[in-house]
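Just so you know, the protein sequences line up as chains G and P, in that order. Position one of the first sequence corresponds to residue 1 (our numbering), numbered consecutively onward. Position one of the second sequence corresponds to residue 1 (our numbering), numbered consecutively onward.
Everything labelled a hint here was simulated from the structure, so no lab data went into it. Careful, some of the hints might be misleading.
When the alpha-carbon atoms are kept at most 30 Å apart in a straight line, the in silico BS3-like pairs for lysine-lysine are as follows [claimed, not checked]:
(1) K184(G) x K135(G)
(2) K142(P) x K121(G)
(3) K80(G) x K186(G)
(4) K255(P) x K135(G)
(5) K184(G) x K80(G)
(6) K142(P) x K80(G)
(7) K135(G) x K121(G)
(8) K135(G) x K186(G)
(9) K184(G) x K121(G)
Over 10 Å on every C-beta distance to chain G, these chain P residues come out as not near it, computed from the model [to be verified]:
(10) V7
(11) I200
(12) M244
(13) I252
Here are the computed distance ranges between Cβ atoms for each label pair [as the list claims (entries may be wrong)]:
(14) D56(G) x R55(P): 39 to 47 Å
(15) G72(G) x G13(P): 34 to 42 Å
(16) A66(P) x D56(G): 55 to 63 Å
(17) E180(G) x T223(P): 38 to 46 Å
(18) A29(P) x D157(G): 36 to 44 Å
(19) E231(G) x V4(P): 46 to 54 Å
(20) D93(G) x R226(P): 47 to 55 Å
(21) T228(P) x D207(G): 38 to 46 Å
Please read all numbers here as calculations on a predicted model, not as lab measurements. From the three backbone atoms N, C-alpha and C, an ideal C-beta is built for every residue, glycine too.
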Amino acid sequence: MNAVRFEHVSKAFGTLKVLDDISFEIPAGQAFCLLGRSGTGKSVALRHIVGLVRPDRGNVFVEDRDITTLAGRELADVRKHMGFLFQNAALFDSMSVGDNVAFPMRRHTDWSDADIRERAKSKLADVGLDHEFDKMPGDLSGGMKKRAGLARAMALDPAILLVDEPSAGLDPMTAGEIDELLVKTKRGGTTLVVVTHNIPSARVIGDGFAVLHEGRILVSGTLEALDASEEPLVQAFMRAQGGG
Amino acid sequence: MQQVAVVDRVGAGVIGFFEFVGAIATFGARAVVEAVRPPYELREILTHIYQFGYRSAPLILTAGLAIGIVLSMHTRASLERFGAEAMIPAGLAIALIRETGPLTAGLLVAGRVGAGIGAEIGAMKVTEQIDALEANAVDAFKYLAVTRIIALMIAMPLLTIMMDFSGILGGYVAEAAVSGMSWQLYFERAFSYIAYSDIIPATLKTIVFGYLIAVVSSYLGFTTSRGTEGVGEASTRSVVMASMLIILSDVILVKIIFFFYPPVSG
Numbered sequence: 001m002n003a004v005r006f007e008h009v010s011k012a013f014g015t016l017k018v019l020d021d022i023s024f025e026i027p028a029g030q031a032f033c034l035l036g037r038s039g040t041g042k043s044v045a046l047r048h049i050v051g052l053v054r055p056d057r058g059n060v061f062v063e064d065r066d067i068t069t070l071a072g073r074e075l076a077d078v079r080k081h082m083g084f085l086f087q088n089a090a091l092f093d094s095m096s097v098g099d100n101v102a103f104p105m106r107r108h109t110d111w112s113d114a115d116i117r118e119r120a121k122s123k124l125a126d127v128g129l130d131h132e133f134d135k136m137p138g139d140l141s142g143g144m145k146k147r148a149g150l151a152r153a154m155a156l157d158p159a160i161l162l163v164d165e166p167s168a169g170l171d172p173m174t175a176g177e178i179d180e181l182l183v184k185t186k187r188g189g190t191t192l193v194v195v196t197h198n199i200p201s202a203r204v205i206g207d208g209f210a211v212l213h214e215g216r217i218l219v220s221g222t223l224e225a226l227d228a229s230e231e232p233l234v235q236a237f238m239r240a241q242g243g244g
Numbered sequence: 001m002q003q004v005a006v007v008d009r010v011g012a013g014v015i016g017f018f019e020f021v022g023a024i025a026t027f028g029a030r031a032v033v034e035a036v037r038p039p040y041e042l043r044e045i046l047t048h049i050y051q052f053g054y055r056s057a058p059l060i061l062t063a064g065l066a067i068g069i070v071l072s073m074h075t076r077a078s079l080e081r082f083g084a085e086a087m088i089p090a091g092l093a094i095a096l097i098r099e100t101g102p103l104t105a106g107l108l109v110a111g112r113v114g115a116g117i118g119a120e121i122g123a124m125k126v127t128e129q130i131d132a133l134e135a136n137a138v139d140a141f142k143y144l145a146v147t148r149i150i151a152l153m154i155a156m157p158l159l160t161i162m163m164d165f166s167g168i169l170g171g172y173v174a175e176a177a178v179s180g181m182s183w184q185l186y187f188e189r190a191f192s193y194i195a196y197s198d199i200i201p202a203t204l205k206t207i208v209f210g211y212l213i214a215v216v217s218s219y220l221g222f223t224t225s226r227g228t229e230g231v232g233e234a235s236t237r238s239v240v241m242a243s244m245l246i247i248l249s250d251v252i253l254v255k256i257i258f259f260f261y262p263p264v265s266g
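Put together the whole structure using the sequences plus the hints.
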């Protein structure tokens, strides 16, 4: 079964065409990396999957449900199966780190407060932040925020995890730690959709790849297919990122 | 050609204004519809009542006390000429309860709470926290806007009662300092000309003020763009627009109140 499927999706903001008739499939349990330079529509594609952006044309299927036709409670039900790690983590700054992670549990489960607290601590421990439970997001470094964001995204053990630029703005060590966490998550059976322009990071995480350029998919497939591509832009991108 | 350009610009401005008003009206109407649909987010509403009501109380009480003292001094200066000092408590109470209290409380809350809502929701918008709420299967409009609108509609009349009470207290302090009038006599005189029809409509109209402040500032927060600059702008515009709407709506509301409760003369 496919976890996510794009069918001829196009999206424009005003006169700016961001996605232009793109189609791809992501099998359940795999890690799919959307690659490309900044501003090529990768994050917009990711936002389509969770229904934050609606396509002008085409359809986006999540676990075989067309998310472009859903609204209200039906859309919320599909979203509960997904976790989203935002580029800047997007932690709720009025809540402690622990409350951020507990938030999805408080909203969507009938677990007791003690149970939720315990589970939130466990999720934070998974990302090495169990001692930061009572801290406010403003007290964390960029890498810690990202890890806390990952803990929140994983709070309900989602079937699909969407990750926007996991290594952006992080030092190589921290970026490596995040990559390891994502690989661990994938091994647990979660489908990953990762938007990145960091090829070394994608090599560690990904099973399937697609390179976006000016809203179109230049090439998709395995890493070997990308390395073997004769498309000059793909070659330049892979070389510039230390690939091949 | 230059005339055409000017007409174009004015036309675009007029269209833009009506689009803006239409968007806010739609936002406010949607809030009313969503308010009666579950989930009711009671915990959020109570949190906001605490933030907007309890935490605004010191400002409202201080302002009310000062206004009461100042109004009392001005009223005394005028009424002394006619030997009507005994009317000071009643005059002050009527002015405060019917108009000064509700309007001043509305404007103060527009400044304190309106700016806060605009800035808070605006900051959440530019830092993707609103998207994060949606991605977590939470209706951000309901969670952020509707809860604040309901909370402020509840808090506003309570703050107005505080303002009225502290204003009358301020009037007593000023009067006692000058004439040595007793507390009991002051209050007896203050409420001798006050009817429920003075208190209830004037206090309840602030529910509309609360609705307007929260709708405008939530809307401006939700439509914030351009980073921190946009957040500052949303905050400032929230105060300006909410204050203008309070003043304009007050004129209409007073007219409506007079229609149902005609002022008694003589």
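(request) Take the C-alpha atoms of K255(P) and K135(G), compute the straight-line distance between them, and say whether it is at most 30 Å. (result) 52 Å, violated
(message) Just to be careful, I want the Cα atoms of K135(G) and K186(G) compared with a cutoff of 30 Å; is the pair within it?
(response) 28 Å, holds
(request) Please work out if K184(G) and K80(G) have their alpha carbons no farther apart than 30 Å. (result) Holds: K184(G) and K80(G) sit about 21 Å apart, inside 30 Å.
(message) 46 to 54 Å was suggested as the range; check whether the CB atoms of E231(G) and V4(P) agree with it.
(response) 49 Å, holds
(request) Hey, is V7(P) genuinely clear of chain G, shortest beta carbon separation above 10 Å? (result) 24 Å, holds
(request) Test the statement that I252(P) is away from the interface with chain G: the closest C-beta pair must be farther apart than 10 Å. (result) At about 35 Å from chain G, I252(P) clears the 10 Å cut-off, so the statement holds.
(request) Could you grab the alpha-carbon distance between K80(G) and K186(G) and see if it respects the 30 Å cut-off? (result) 18 Å, holds
(message) Assuming the hint says 38 to 46 Å, is it satisfied by the Cβ distance from E180(G) to T223(P) or not?
(response) Given about 40 Å between the Cβ atoms, the range holds.
(message) According to the definition I'm using, a residue is off the interface if its beta carbon is farther than 10 Å from all beta carbons of the partner; does I200(P) meet that for chain G?
(response) Fine: 36 Å to the nearest Cβ keeps I200(P) off the interface.
(request) Confirm or reject the claim that G72(G) and G13(P) have a C-beta distance inside 34 to 42 Å. (result) The hint (34 to 42 Å, Cβ to Cβ) holds, given that G72(G) and G13(P) are roughly 36 Å apart.
(request) Return holds or violated for the Cβ distance of T228(P) and D207(G) against the range 38 to 46 Å. (result) 39 Å, holds
(message) Check whether the Cα positions of K135(G) and K121(G) lie no farther apart than 30 Å.
(response) Holds, because 13 Å separates the two Cα atoms, which is no more than 30 Å.
Violated hints, listed in ascending order, are 4, 20; each of the other numbered hints is respected by the structure.
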